[in-house]
Structure formats: C-alpha cells, structure tokens
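Engineer: Spelled out, the chains give:
Protein chains: 4
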Amino acid sequence: MDTKDSIRILVTGGTFDKEYDELTGSLFFKDTHVGEMLRLGRSELKVTIETLMLIDSLEMTDSHRDRLLEVVRSASENRFLITHGTDTMEVTARRLAGADIGQKTIVLTGAMIPYKFGSSDGMFNLGSALAFVQALPPGVYVAMNGQAFPAEHVRKNRNSGKFEWI
Amino acid sequence: MDTKDSIRILVTGGTFDKEYDELTGSLFFKDTHVGEMLRLGRSELKVTIETLMLIDSLEMTDSHRDRLLEVVRSASENRFLITHGTDTMEVTARRLAGADIGQKTIVLTGAMIPYKFGSSDGMFNLGSALAFVQALPPGVYVAMNGQAFPAEHVRKNRNSGKFEWI
Amino acid sequence: MDTKDSIRILVTGGTFDKEYDELTGSLFFKDTHVGEMLRLGRSELKVTIETLMLIDSLEMTDSHRDRLLEVVRSASENRFLITHGTDTMEVTARRLAGADIGQKTIVLTGAMIPYKFGSSDGMFNLGSALAFVQALPPGVYVAMNGQAFPAEHVRKNRNSGKFEWI
Amino acid sequence: MDTKDSIRILVTGGTFDKEYDELTGSLFFKDTHVGEMLRLGRSELKVTIETLMLIDSLEMTDSHRDRLLEVVRSASENRFLITHGTDTMEVTARRLAGADIGQKTIVLTGAMIPYKFGSSDGMFNLGSALAFVQALPPGVYVAMNGQAFPAEHVRKNRNSGKFEWI
Chain G
0 MDTKDSIRIL VTGGTFDKEY DELTGSLFFK DTHVGEMLRL GRSELKVTIE
50 TLMLIDSLEM TDSHRDRLLE VVRSASENRF LITHGTDTME VTARRLAGAD
100 IGQKTIVLTG AMIPYKFGSS DGMFNLGSAL AFVQALPPGV YVAMNGQAFP
150 AEHVRKNRNS GKFEWI
Chain X
0 MDTKDSIRIL VTGGTFDKEY DELTGSLFFK DTHVGEMLRL GRSELKVTIE
50 TLMLIDSLEM TDSHRDRLLE VVRSASENRF LITHGTDTME VTARRLAGAD
100 IGQKTIVLTG AMIPYKFGSS DGMFNLGSAL AFVQALPPGV YVAMNGQAFP
150 AEHVRKNRNS GKFEWI
Chain Y
0 MDTKDSIRIL VTGGTFDKEY DELTGSLFFK DTHVGEMLRL GRSELKVTIE
50 TLMLIDSLEM TDSHRDRLLE VVRSASENRF LITHGTDTME VTARRLAGAD
100 IGQKTIVLTG AMIPYKFGSS DGMFNLGSAL AFVQALPPGV YVAMNGQAFP
150 AEHVRKNRNS GKFEWI
Chain Z
0 MDTKDSIRIL VTGGTFDKEY DELTGSLFFK DTHVGEMLRL GRSELKVTIE
50 TLMLIDSLEM TDSHRDRLLE VVRSASENRF LITHGTDTME VTARRLAGAD
100 IGQKTIVLTG AMIPYKFGSS DGMFNLGSAL AFVQALPPGV YVAMNGQAFP
150 AEHVRKNRNS GKFEWI
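Protein chains in written order, with numbering that gives the first Met the number 0: chain G, 0 to 165; chain X, 0 to 165; chain Y, 0 to 165; chain Z, 0 to 165.
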C-alpha cells in the first residue's frame, strides 16, 4: 500500500499516556496506550505508531522539537497525528507550521485526564484528531475540545484548561 | 449566534445508548448519554441535542425515518450528527442521501458496545463523527471504525461487525 | 502449604462473569474474570480457582448442583467461595447446607451487574465474600449486599434485586 | 435502631479518596467517595459515614490520631471502618489498639490506586473491610490485600506495596 495514504502516529507523551505509580503515589510513563485505544475504538485505519519520547510537554526542548520535525520531514507519509502534552502543544504546533516540511496534514492532540484514569477525554480526542487528519487540507492543527485550530490561531487557556481561537 | 454554524445532534438510540437492567438481565434505554459524553470529552462545540427516539435500529421503520428526514429538512442548522444503531445505519444514511434536504452535512455514528459498559467505542466514535461533521463537505456519511464513508458506499459487514467501503 | 488453610474458588457463572457480544448484542460467557479481579484487588490470599461451569443460574439443575456438591465434599480445602448467578443462589446454598460435607465454610456470591460492565458490584462482593470465608465459622452462607446470610435464612427479593433475611 | 449494631465509617483520606486535578496535573482531595462506592456495591448495611479529615497519611500527626481516637471512644457504635492512607495505616492501627476505647471492632482499610482511577483496589478493599468488621471479634485490624491483620502484627512492605504479617 502506498504509505502516502496511511497515517503516522507520533507519540511524545503528555498527560494522555501518564499512569499512576502506586508505590510512589506519583504519575509516570511506562508505554503508550495508543494501540490499545485504537483497538477499543475498533479503528480500521492503516496507521503506524512510533514512540519518539514519553515526556511531560513542560520538559520539551528545542532539541526534542527538532527531532520531531526531522521525523515528520523525512517520513513518506503525508498525514501525521502527534500525541503531546497540552501545556506546550501550541509551541510545538507553531514550530511545525513555520518549518519547511512539505504538503503534510499534521494534527496534534492530547488529554487533560490520563487515558488510564476514569473519565478521560483521551478516546474522544483520539477519534476527533484521527478524523481531522483525514479530512483537513495540508497544514498544522491542534485538535482539542472537539475542534481543530490552525497552529497560528490557538492557545491553551491556563485558567479553564480549554483551548481557544486567537 | 447564527444557528447555521452550530451542530444539531439527533439521537435515535442504538447500542450507543443501551443500558443493562440488573433486575431482568436485559438491555434497555433510559436516556441518552450524549451530553455526559461531550462533557467527558471536554467538548466546547456549540451543539443542540435532541432525542427523537430511543430504539434498536432493527426496529426502525419508514415512519421513523420519515420523521428523522423531516427534522433534518426543517431545521435551520446545516450540520447534523445522528446517533443510530449500527444494524440499519446504512439504510437510514441512504434514505437521507436520496432525499431533497438542501446542502447539509450529515454524519451518522453509533457504537458496537454500549457507552455505559467498559471498553466502549462510543467516545471514540463521537469524537470522530463530530470532527467529520465540521470538516466534510455537504453530504451524508457514516462515521465508524475511524473513517467516514459516503452513504452510497458503505455497508456493515455482519460477520466482522466492521463497516466497509462498497 | 497445608491446603486446609487455602481457599478454593469454584466458578459456576452467573451475571458475575457475563460479557457483551457486540456481534449479536446479547450476553454470553467466555472465561471467568476472578483471577483478574483478585489481581486488581491486590489480593495476597492463597487460592485455587476452578471453573466448574459457566451458566446462568436459571439453567442450573440438580445434576449441576450434585457436581458442585461432590467437588466440595472431596476437596481437601475446608474453605470455599462459590461464584453463582443470583437468581437461584439460595437454592444451591440450601442444598449445600443440607448435605453431608463435613466442617467447611462455604460462601456463595455473585453480582447484579457483570464485572465487565461499568458500575459493577462484582469487586465489592468478591472482597466481601473472601473476607467472610476467612472469618466465619463452618457453615454455608450467601454474601450479597455487604452482608453474609446463613443459607437457611436468605432469599432474593425479586422486586428489589436485594437479598434479605428470612 | 440500636446504634450498637450499625457501623460507623470514619473517613481520613489517603489514596483511596484522591482525585486528579487536570489543571495542575496533581492529586488532591475533594469529597469522599465512600457513599457512592457503597451504592455501587449495592450494600444494604446500616452505616453512618463521617469525614474527619481528608489527608495523605504521611501528613498525619498525633493531633490527628488523638481526634480519631476521641471519636471512636465517644461514639455509641461498637463497629468502625476507618479509611486511611496506606503509608502510616499501621501506626494509627497500633495507636488505637493500645488505647482504652472499650470492646470495639475497628478495621482500617485504604487503597493503593485511587477509587476514581481505573483499576482501583478500592471497591474490593471496602467490601473486604466491611465484611471483616461484621465478622471479627473486638480488636483493631488492618484489612488489605484480602486479609485482616491484627494491629500488632502488620506492616506495609514498602518495596512491594503489600501488607504482611510480622
């Protein structure tokens, strides 16, 4: 199959994939749950899941973003879903939007509550982002709160925890 | 706000909204959970939720479909998400596609496992369908298994329970 | 270890272990979930889990109960937890209580909502029954709704779905 | 009803009742979930739930324990279930065991994973502790990992997170 039509899912971490460590009482990363979530959603999409890193987005540096950029640039796919912490999702989105990566559709999403906890927005956001990456024209977008925002027009409202148009 | 830009969610039932009755051991409908699911997904979309009926789609008749058609035709919105049982979702989709209802984007979705049970595809499908109804051009679609199928090109494979292109 | 001090868990089915079949929309049995539930409860008890049958208790016959009785009589353990459908749990309990099986502590439990569905009473009942089987003197009991009822003094109230003293 | 036969549930907090704050990404206390858990377990026990405090047990001081002791001593009930953080549960248990509080059955329990998260041992432990408090003779016990340990013979193994007999 022509990989140009498949979707590459790049995992970077964020609350989306955090888990609770019962021995220390803190949150940590083990593995990504994206594959399991796609099975639960009974997704039949052709996707490749690649874990680039598993970090809180507050710990993301230019070096991390450069790596992400390089993977996107060199991949043969032209559709990407990036799971990412919500705190600096807009920073990464704008970095990708300003780079020279060709005509690709890139959608970033995350979660406010870890998928592993009850009442997570993870499954909803994953379904949403995967739909947007298939339907939207080339560009970089943030898919949160049911919507897709172009990278240049989005910011996370730190009081409400919601993403909004700017 | 111009209602033309908001989304009307029409609930018809299906496995999506079924619940388990512990006294009889069977499945039944009480109320729709769509509002609760949108809150869990932290959706900020402007939507109106209307419960037209709560039935298994195997019990849907032309009369039911006529009612659904009429609501879609007369509403001022031009974007609709219809929750529906998966067994005859394609029948309803094709009925809507063949009707004269104007330039509207209509997406039907459902679930293979009730939202109220563990491991449901409900949240994933709702996020998916809401994204598609915002991004796709006017027409009638079925959003299941992560994809959006035009009404004339979809059928449910009864052996696998998955929706496929025809 | 002296098997007399370990607990033998005998699985017979009931709502406790039912699952939802998404292709047919009905409930069915696959495997017992007791082992998984004990891991979730972080139980450190020495137990042996044996699946005798996986049926709805409305389908239980004298033949099924005879088999259960024989397993209890011939086992070396003297503490048993039996998972069972709630509809005829009291029938099986009284059968065991009237039989000549020696000085054994036997606790029957079940669930009103399948463990696999959200909001199940399964984990609560399992923890409850396992505690009762360790603390109660020899005899046959039904552990439901947080309490332990001696076999001769219990019945399921079919209107409320709760177990009560008679 | 003679309150001597009812159970008084004293809530002190611990992982059992922690929740995830999506805005800060940390764990915090809002209200106890014990009432909701008893409804889910379909418990028909006569209980009174009293929230004394909602703290991590690492923050418990003699002052907190004195308050707990006083409530137990002056109450008319003679059966108590105390929800408590697991880190210093044995400390509080031994304090109660060494005090002059009369012939009361006191069972402490908690959870390694918050009830509000998926895969919690909370429901199992609650069912277990409530059964033990009904069946055990007067004394102070810790109910964790499916067992009841007398206060003088229990400690939490900090490596495994399990409670064991000493």
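Don't read these hints as lab results, they were simulated from the structure. Check each hint, because a few of them may be wrong.
Identical chains blur together in the list; that is why a pair holds if it fits in one copy or across any two.
Cut-off 25 Å, straight-line C-alpha distance, at most; resulting in silico cross-link-like pairs (BS3-like, lysine-lysine) [stated by the list, open to error]: (1) Lys115 <-> Lys103; (2) Lys103 <-> Lys29; (3) Lys45 <-> Lys155; (4) Lys45 <-> Lys161; (5) Lys115 <-> Lys29.
If you're wondering where the values come from, they're calculated on a predicted model, not measured in any experiment.
Engineer: Tell me the hint numbers this structure goes against, listed in increasing order.
Structural biologist: 1, 2
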